[in-house]
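Visitor: Residues in the sequence shown are numbered from 1 upward in steps of one, following UniProt numbering.
Be aware that one or more of the hints could be misleading.
Result set (EDC-like, lysine to aspartate or glutamate): computed pairs, CA atoms no more than 20 Å apart in a straight line [unchecked claim]:
#1 27 <-> 47
#2 255 <-> 196
#3 314 <-> 303
#4 143 <-> 100
#5 10 <-> 297
#6 143 <-> 127
#7 101 <-> 130
#8 314 <-> 299
#9 270 <-> 196
#10 17 <-> 303
#11 17 <-> 196
#12 314 <-> 260
#13 10 <-> 286
#14 101 <-> 129
#15 17 <-> 260
#16 247 <-> 196
#17 27 <-> 129
#18 52 <-> 23
#19 256 <-> 47
#20 17 <-> 47
#21 247 <-> 197
Derived Cβ-Cβ restraints for the label pairs, each shown as a range [unchecked claim]:
#22 22 <-> 128: 17 to 23 Å
#23 61 <-> 299: 52 to 58 Å
#24 144 <-> 307: 20 to 26 Å
#25 255 <-> 214: 14 to 20 Å
#26 301 <-> 171: 31 to 37 Å
#27 212 <-> 101: 27 to 33 Å
#28 205 <-> 297: 24 to 30 Å
#29 257 <-> 301: 20 to 26 Å
#30 301 <-> 132: 46 to 52 Å
Hints were generated in silico from the structure; no laboratory data involved. The beta-carbon is built from N, C-alpha and C at its ideal position, and this holds for glycine as well.
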Amino acid sequence: MHWFQLLDEKVYPILAKRRRAGDRAVKVAVLDTGINLTHERIQSHLDRHGSKIINCQDWTASQHGTDDRIGHGTAVCDVLLRTAKVHLYVGKVSDEAAFDKNVPARVAQVTPDGWNVDIIVLSLGFESEDKGIRDAICDASNKNVVILAAASNSGSIDSTKRVSFPARIHGRVIAVRSATGFGRRADSSPGRSDGDDNFAILGEGIEAAWPQHLNDGRPTRFVSGTSYATPLAAGVAALIMEFSIQKDKRGPNLKKEALDVLMSYRGVRKMFEFMSATQDNSVNVDCRMISPWRLFDPEMAYEGLAHVIEHQLKNAS
Numbered sequence: 001m002h003w004f005q006l007l008d009e010k011v012y013p014i015l016a017k018r019r020r021a022g023d024r025a026v027k028v029a030v031l032d033t034g035i036n037l038t039h040e041r042i043q044s045h046l047d048r049h050g051s052k053i054i055n056c057q058d059w060t061a062s063q064h065g066t067d068d069r070i071g072h073g074t075a076v077c078d079v080l081l082r083t084a085k086v087h088l089y090v091g092k093v094s095d096e097a098a099f100d101k102n103v104p105a106r107v108a109q110v111t112p113d114g115w116n117v118d119i120i121v122l123s124l125g126f127e128s129e130d131k132g133i134r135d136a137i138c139d140a141s142n143k144n145v146v147i148l149a150a151a152s153n154s155g156s157i158d159s160t161k162r163v164s165f166p167a168r169i170h171g172r173v174i175a176v177r178s179a180t181g182f183g184r185r186a187d188s189s190p191g192r193s194d195g196d197d198n199f200a201i202l203g204e205g206i207e208a209a210w211p212q213h214l215n216d217g218r219p220t221r222f223v224s225g226t227s228y229a230t231p232l233a234a235g236v237a238a239l240i241m242e243f244s245i246q247k248d249k250r251g252p253n254l255k256k257e258a259l260d261v262l263m264s265y266r267g268v269r270k271m272f273e274f275m276s277a278t279q280d281n282s283v284n285v286d287c288r289m290i291s292p293w294r295l296f297d298p299e300m301a302y303e304g305l306a307h308v309i310e311h312q313l314k315n316a317s
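Work out the full structure: start from the sequences and follow the hints.
Guide: Right, here's the structure in full:
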């Protein structure tokens, strides 16, 4: 069964039952090449879950503003919007396909808490460390912003290639590797790293929005790599947050103490750990494959699911 079909059949019905227009939305920032706001698929996915684009800002001084002239940012945003209901904040930090020397400074500039988001998606990475980015990420992490970053796509070029920066800031950033639809780490993703949680999620062969004028008139393109696994993982984190925030007459599904833990690096890390498992039949058995249906059981009552989450978060570290 297709990954998104499982999401449609097992996960979304649970969230839809208590989804209300007045619910506090999960806020996610994507720092990338901008977004094609008028793209039909972007608009469709906004309508699908009731998501909203709250703010778009350009830090490149591009003559095109926040409009995506590359396609990468649009695809990243589309994968996220296909996965979860969010309030989306788009930061354009590059107007080039190959991120130039100015991108680290732009990322560092926009990572702090001006938008007060819950999650930041960084589908980018660098071989060399940048102090500005590290300081900004540490500052955001200290405020319990959950940061996910692409692990890199250099595995097929050099099997010893390490995880990119800032994904390798362990304890602050959740590094995301790309997996195939069969739950195996993609050859292009880095192998296991010591001191890394080695999380992976679908990132190969995903159909995503792409600006039509950059794609021979076609509205979508099949994309692969950690750039697209990262927003998918962020979307899964947003789904758990949404469930936990949802209310009935007795209040939110999760108690405040548990919710405070969930809305942090250590909370999301713990839930990813619970939802993932090493695939023993895989040729790449070194990564944890995030499977949201391991948590979201359609046969389980809301109280039971909330109890599972709270129990896991008691041991978050």
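Visitor: Taking the hints in turn, state whether each one holds.
Guide: Right, here's what the structure says about each hint:
1. Simply put, residue 27 and residue 47 have alpha-carbon atoms about 16 Å apart, close enough for the 20 Å limit, and the pair holds.
2. Between the alpha carbons of residue 255 and residue 196 the distance comes to roughly 29 Å, so the proposed pair goes past 20 Å and is violated.
3. For the proposed pair residue 314 and residue 303, the alpha carbon gap of about 16 Å is at most 20 Å, so the pair holds.
4. At most 20 Å may separate the alpha-carbon atoms for a hinted pair to count; residue 143 and residue 100 exceed this at roughly 29 Å.
5. Distance check on the hinted pair: residue 10 and residue 297 sit about 7 Å apart at the alpha-carbon level, within 20 Å; holds.
6. At most 20 Å may separate the alpha-carbon atoms for a hinted pair to count; residue 143 and residue 127 exceed this at roughly 26 Å.
7. For the suggested pair residue 101 and residue 130, the alpha carbons sit about 11 Å apart, so the restraint of at most 20 Å is met.
8. At roughly 24 Å between alpha-carbon atoms, residue 314 and residue 299 are farther apart than 20 Å, so this suggested pair is violated.
9. Of the pairs offered as hints, the one joining residue 270 and residue 196 holds, with about 13 Å between alpha carbons and a cut-off of 20 Å not exceeded.
10. Distance restraint check for residue 17 and residue 303: the Cα-Cα separation of roughly 14 Å lies within the 20 Å cut-off, and the hinted pair is therefore satisfied.
11. In summary, the hint linking residue 17 to residue 196 is not supported, as the alpha carbons are separated by about 36 Å, beyond the 20 Å threshold.
12. Restraint check for residue 314 and residue 260: satisfied, since their Cα atoms lie roughly 11 Å apart, inside the 20 Å limit.
13. Note on residue 10 and residue 286: the hinted pairing is violated, with a Cα-Cα distance of about 27 Å set against a maximum of 20 Å.
14. Distance restraint check for residue 101 and residue 129: the Cα-Cα separation of roughly 12 Å lies within the 20 Å cut-off, and the hinted pair is therefore satisfied.
15. Taken as a hint, the residue 17 and residue 260 pair is broken in the structure, with Cα atoms around 23 Å apart against an allowance of 20 Å.
16. Between residue 247 and residue 196, the direct Cα distance comes to roughly 35 Å. Violation of the 20 Å bound is thereby established for this hinted pair.
17. Between residue 27 and residue 129 the CA atoms are separated by roughly 27 Å; this puts the pair beyond 20 Å, and the hint is violated.
18. Taking the CA atoms of residue 52 and residue 23, the gap is near 13 Å; set against the 20 Å cutoff, the hint holds.
19. A C-alpha spacing of about 30 Å is found between residue 256 and residue 47, which places the hinted pair above 20 Å, so the restraint is violated.
20. For the hint linking residue 17 to residue 47, the alpha-carbon distance of about 17 Å falls within 20 Å, and the restraint holds.
21. Annotation: proposed proximity of residue 247 to residue 197 is violated, straight-line Cα distance about 32 Å (limit 20 Å).
22. Between residue 22 and residue 128 the Cβ separation comes to about 46 Å, which falls outside the hinted range of 17 to 23 Å.
23. Roughly 53 Å separates the CB atoms of residue 61 and residue 299, a value that falls within the hinted 52 to 58 Å.
24. The hint said 20 to 26 Å for the Cβ distance between residue 144 and residue 307, and at roughly 23 Å that hint holds.
25. The hint said 14 to 20 Å for the Cβ distance between residue 255 and residue 214, and at roughly 47 Å that hint is violated.
26. Restraint check, residue 301 to residue 171: a C-beta distance of roughly 35 Å satisfies the suggested window 31 to 37 Å.
27. The given range of 27 to 33 Å is respected by residue 212 and residue 101, whose C-beta atoms sit roughly 31 Å from each other.
28. Checking the proposed 24 to 30 Å range against residue 205 and residue 297 shows it holds: the Cβ atoms sit about 27 Å from each other.
29. Here the CB-CB span from residue 257 to residue 301 is close to 21 Å, well matched to the stated 20 to 26 Å.
30. One distance hint, 46 to 52 Å for the beta-carbon pair residue 301 and residue 132, holds here, with the actual separation near 47 Å.
The structure does not agree with the numbered hints 2, 4, 6, 8, 11, 13, 15, 16, 17, 19, 21, 22 and 25 stated previously, though it agrees with the rest.
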